[in-house]
Each structure stands twice: as structure tokens, then as C-alpha cells.
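Participant: Single-letter residue listing:
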Amino acid sequence: MYELLLQGILHILQLKYLMPLAIGTLVGVVGGALPGITNTMTVIMVLPFTFGLEPLQGLAAMIGVYVGGESGGLIASTLLGIPGKPSSVATMFDGFPMAKKGEPGRALWLGIWASFFGGLLGGVFLIGTTEPLAALALKFGPWEYFSLFVFALSMVAGLTGASLTAGLLSGAIGLVVTVMGNDPVMGQTRLTLGIRFLEGGIPFLPVLIGVFAFAQIMSDVEKMGGARRDGAAGFITPKLVVSHLKVIWEILSRPVMLLWTSFVGVLIGVLPGIGGSAANVMAYDQAKKFSPHPERFGTGTPEGIIASEAANNSNVGGSLVTIMAFGIPGDAVTAVMLGALTIHGIQPGPLFMSQQSTLAYGMFASYILAHFLMIAIMFVGVRWFLRVVTVPKSTLFPIVLVLCVVGAYALDNTMANVYVLALFGVIGYLMVKGALPLAPLILGVILGDQIEINMIRAIMTDSNPWLFFTRPISGGLLLLSVASVVFALWQHHRHQRRVASAADADF
Amino acid sequence: MTRALSREVITGLVCLAGSLVLLAATWNLPGPSLLVPVGPGFYPRIILGITAALSVALILADVMAARRRRAAGPAPAATPRENYGLVLACFAILGLYVAALPWIGFRISTFAFVAALQATMEPPRGWKRWLVLGLVALITTVVGYLLFERYLLVLLPRGRWTDF
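Residue numbers (the working numbering), protein chains in the order written: chain A, 1 to 507; chain P, 1001 to 1164.
Read the hints as simulated data drawn from the structure, not as lab findings.
Careful: at least some of the hints might be erroneous.
Said to hold, decoys possible - Taking lysine to aspartate or glutamate pairs in the EDC-like style, the calculated list, with each CA pair at most 20 Å apart, reads:
(1) A:K101 to A:E250
(2) A:K433 to A:E222
(3) A:K16 to A:E54
(4) A:K433 to A:D220
(5) A:K433 to P:E1082
(6) A:K393 to A:D220
(7) A:K393 to A:E250
(8) A:K393 to P:E1122
(9) A:K223 to P:E1082
(10) A:K239 to A:E54
(11) A:K139 to A:D462
(12) A:K223 to P:E1122
(13) A:K100 to A:E295
(14) A:K246 to A:E103
(15) A:K393 to P:E1149
Claimed, not checked - Between beta-carbon pairs, the in silico distance windows are:
(16) A:F197 to P:L1060: 34 to 44 Å
(17) P:L1152 to A:V241: 19 to 29 Å
(18) A:L489 to P:K1128: 51 to 61 Å
(19) A:L252 to P:V1063: 53 to 63 Å
Cβ coordinates follow ideal geometry from the N, Cα and C atoms, glycine included.
Model the full assembly from the supplied sequences, consistent with the hints where possible.
Facilitator: Written out as C-alpha cells, the structure reads:
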């Protein structure tokens, strides 16, 4: 394994791979720093550029974006008090107060170095567990795959929104999208409503791009036209000089907290659909609970910055495990990566590690090297990124939308995908307005065909439906699906009780 | 006095209607074949049935929650109004862009789209802002064209009317 990893690192150090990785990391950092531009949007923008590249070049660029994006978010959070993206919200709780106290450099670099160490710990997990998990998945039959996909969907539906029913409904809509077109087993055309274009089915990448990019952009557009935040006016670059050894020591002198919060990040990354924003907040919460001085949190304590930033970068490692071992995207960013792989005819999943070992270890190497590149990029450009944050959204959004359109068009050089993109852009926005979360929809669209294929394969192998429940792994996964739904229900009721008791207290 | 339907109820009703229409369409599909013990309508019926059931559950849950809310007292103060007019305008411009791409090609339509969208989102005041707007549109178009068409070999849409 270590030989392969070393080979992977040497492979990625070649200029033709290192260049896309470095550019991806830079784009990720800048995208992460821009409030309103999520990692998903950044990786969607990068996607069309990867079509003409080798698979590993494209993946290296995307991994760079992912790692850079998770770190870039802390720039605006700590120095401006505006979260660059949802996964840096908790960083702001202590980063901004520390910066306001006159230590902006310390606040910023604590976050950057914590991202670095957290990310590397996530890398240890990624490299150590992907192969054993893939080996476990190789033992799966169609029953187990069916149950695994159902579990993934139930997890996402249960944990992404305030309402479990809305989450499940969104996932079900995603599954409905996949039943339109040809039936994947016999090729029978179905539910096309007489629209010829639908006969080939609806490709998931334009759906993903439309739903996520448009919904996010239009939700921001809604708020335009009111009070304007003109960041460029009166902008003063703060002093960011700091002793890096001191900062690194501040982080490494808290090994238990660093390890635990990185583990929280990895765990949340492995579970599909929860994402960096939850990792960031949950790790912050954990650090506060275990701290001997919880009262200091929110006032500019280093623990708050370290915990939240270590977790959101280690979360990337966890998300990559899920897609590489099982072929299930842990979040929207890895869903785009899945799309990029399928465009090149590569299917991630249990056989990925053995059949595409160069690519797999290249991905590991890219992930590790991206952290070093992120540090180098921050050293050189952090002052400039702070300036970029002030670019108005009215300038950024049209460019992002053009890249989305080109990305959809370039999938197979037809306008059909652009129409799907526009249609699902509207649907995605309406879903947000209709209180339906988007992540379950996407996972439904991605997994729908696989759920059907594995269900029918299982029935063709043995028509006994009880096998889904009596085979140990399959039954266990279905039990976990039920448990995740029950957990989500319990969480919802607890939240309602707390709200009710808070209202009583207010009264 | 009539009350407006909540967004959850509207979502539930739209999803219920959609799933029932598609569910009805599955009955026209052929049955099982010799090779596959279930027909092409088997799985869609399950999924559409679940979708319909969840839609009903969403409606019922919201109706019950509304009762609780009414019993608890008056609703909190309204949140600031969103600028839906701007959203609609942005979607319209995007729709025009998508529709125009095959007719006038990538270069003209992209320049017009980027310029129009910027002007709609933040109407320029003064010639400097107009200049910036034009430059952003021009640079996006030129860089996009050169990068994708020349470097990445993506054959961007040509206009049927303009051949450009």
C-alpha cells in the first residue's frame, strides 16, 4: 500500500498533474473565500475544464478545489465576520472575535494550520480504510447493494432538513426522475409522456448543476436590491504577520482535541449527505463540551477555530472514502466527481481500488499534496484573496451561470443537456421555496438506477423477498435505515420540544 | 375568511398530482417477460406509490402543525420580503439565453447574457460602471470561447442565423 502511495505521490508530482492540482487548489481557496460561492458551485465551474483532461488530471483539479475550498472559507469568516461558505460558520464564532481583539494573523493561521493537520488526519483515514471497506463491499450481492443504497438515501433524507417527510419526499422525487426513460434491465421505454428527448433518460450531471447552482444563486438574488454591502469601500488589509511555529505549537499542544474533532469530521464525511457544515458545527460543539473553559468559546478562543477547521477539512477525506469504496457520493462535490469519472467511463465502487489502482492512489496523493499546496497558496496570496471577497455578486453570478451552461453543453455537445439544466434549475429553486431539501433529490437521481437494477437482479436470482431482511449485511443495513429515520424523528421532536420550552421561558 | 395554502401543502399537492399522473401512466406498460419476473412498471409503481404517500404525509403533517400553531397563538412578525421580481427577471434572461444559443451562437448570446444579467442585478450608475459591465461581458465571452473552443476542444454552439 505504502509503495503504491509513494508511486502515486511521484506520479502527481509530474507537472501535468501538479498543475491542475495547484490551479484547482487556488480556485478552491478563492471560491471558498467568496461568500455565496459554495464548494459545489466551484467544483461545478471547474467541471467543464476537466472534460478535455485525463481522468487523473481532472480528479486532481477537483480534489484541489475541494481541499482549497474547505480552507478558503475561513478567510472571510475570521477577518470579515462573513462565513465564506456554510462549512466555515463555526470558525467565525471565535475567529472573528480573535481578529477583532487585534490578532487577525493568529486567527487566520490557526484556521489554516488546523485545516492542514485536520486534512492530513482525514487523509490517514482515507488511505487506511478505503481498501478494507472496498474489500468488504466486494462481498455484497444485489440484496446488500439495494439495502446500502436505501440506507444512504434514508440517511440523507433524515439528516438534511428540518422535516423528515420533506427529505424523504425529495429523495423519492429523485428516484422518480430515474424511472423516466428506458427501463435499465429490459430497455423498455416508460413514462416519457410522449417527449422523445426523455427516451434516453435524464442525465444526472445537468440535474445536479441546475439544482445546486441555480437554487443557490437565485436564493442570493432574492436578497439583492436591499441594503448593499460594499466591501471594497474603506477596505483595510489587516496585519497578518505571525510566528508560524507558535501557531503550529498552539494546535499540536491540543492533540486529543485535534484528533477527536478530526474524527468527528471524518465520520460525518463518511455518512452520505451531511457535509462540511455539520462537521464544522458539530466539532465546535464537541470541543466546547470537552473544554475545561466552555465559557471562553465565542470570545476568540483558539480551540473554537482549531476544532471547526480541522473537522471541515478531515470531512473531505471521509467523503472520498464513501465514493471510492462504495461508489456513493458523500456530498454534492463528490457527486460531481462521480459524474466526471463516469464521463471518462470509470465507475467508482468496490472494484475501483483494484481495477483503477493508479487512479485511486493518484487521488490519495492529490488529496495529501493539495494540503501542502493550500498552505503555499495561503502564504503567497492570502492578502489578495481578502480583496477578491469584495467582488460584487452581480459580477460573479453571470460568469458562474455561463460556466454552468457550458458545463452542461460540453457533456455531449448537445443543447438537450442545457435544457435539462435550465428546467432543473427552476425545479431546484421551486423545491427550495417549497421547503424540500436538495441533497436527497440528487442522491435519488444518482442511485435510482442502481437501486432498481439491484432489486431486480435480486428478484431474478431468488424471488424470495425475505432475503432482503434475512441476509445479515442486507438486513443490518435495512435496520440501520429504519434507525436513521427513527433518529431523525426523535431529533425533530426534541427540537420541537426545545422550541416550545424556549417559547414558554420567553413568555 | 379564506387562508392561503402553506408552501408545504402546495408542495405536497403538486407532488401528489404529479405522482398520480405518472402512476396512471404505468398501467399502460407491458407485464413481466420470460427473462425478468417483474415488468418495467413494477419498480416505478413502488416509487410513485411512495411519492404519493409521502406527499399526503407532508400535507397532513402541515395541517396538524398549523392547528398547533393556531392553538399556540399569533404568528411571529413577517420576515422581510424577498425580491421575487428580480429572480423572475433573472430566470427570464437565462431562458432567453438558453433559447438564443442555437440561433445566434455562443459568442453573441453570452456577451448579451452576461451584460443583461449584470445590469438587471445591479443597474449601473455612471459610465464607469457601464464600462466595467461591458468589459466583464466581453472578457467572459472571449476567455470562455478561447479556453473551451481552442484549448479544451469543446465545439461551442454556432448560431443557425449568424453562423458565428
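Participant: Sort out whether D462 (chain A) lies within 20 Å of K139 (chain A), counting only the CA atoms.
Facilitator: holds, 17 Å
Participant: Below or equal to 20 Å on CA atoms is what counts here, so check K101 (chain A) against E250 (chain A).
Facilitator: holds, 18 Å
Participant: Need the status of pair K393 (chain A), E1149 (chain P): alpha-carbon distance at most 20 Å?
Facilitator: The given pair, whose Cα atoms are some 27 Å apart, is violated under the 20 Å limit.
Participant: K16 (chain A) and E54 (chain A): Cα distance at most 20 Å?
Facilitator: Roughly 10 Å between the alpha carbons, so the hint for K16 (chain A) and E54 (chain A) holds.
Participant: What's the verdict on K100 (chain A) and E295 (chain A), does the C-alpha distance respect the 20 Å limit or exceed it?
Facilitator: Satisfied, since the Cα-Cα distance of roughly 18 Å is no more than 20 Å.
Participant: Does E1082 (chain P) lie within 20 Å of K433 (chain A) when you go C-alpha to C-alpha?
Facilitator: holds, 11 Å
Participant: With the threshold set at 20 Å, check whether the alpha-carbon distance from K223 (chain A) to E1082 (chain P) stays at or below it.
Facilitator: holds, 6 Å
Participant: Can the suggested window of 51 to 61 Å be confirmed for the beta-carbon pair L489 (chain A) and K1128 (chain P)?
Facilitator: holds, 56 Å
Participant: Check whether the Cα positions of K246 (chain A) and E103 (chain A) lie no farther apart than 20 Å.
Facilitator: Holds. K246 (chain A) to E103 (chain A) sits at ~13 Å (cutoff 20 Å).
Participant: L1152 (chain P) and V241 (chain A), beta-carbon distance inside 19 to 29 Å?
Facilitator: violated, 41 Å
Participant: Do L252 (chain A) and V1063 (chain P) keep their Cβ atoms within the hinted range of 53 to 63 Å?
Facilitator: Roughly 55 Å apart at Cβ, these two residues keep to the hinted range, so it holds.
Participant: Below or equal to 20 Å on CA atoms is what counts here, so check K393 (chain A) against E1122 (chain P).
Facilitator: With Cα atoms ~9 Å apart, K393 (chain A) and E1122 (chain P) stay inside 20 Å; holds.
Violation of the numbered hints given earlier is confined to hints 7, 10, 15, 17; the remaining hints are satisfied by the structure.
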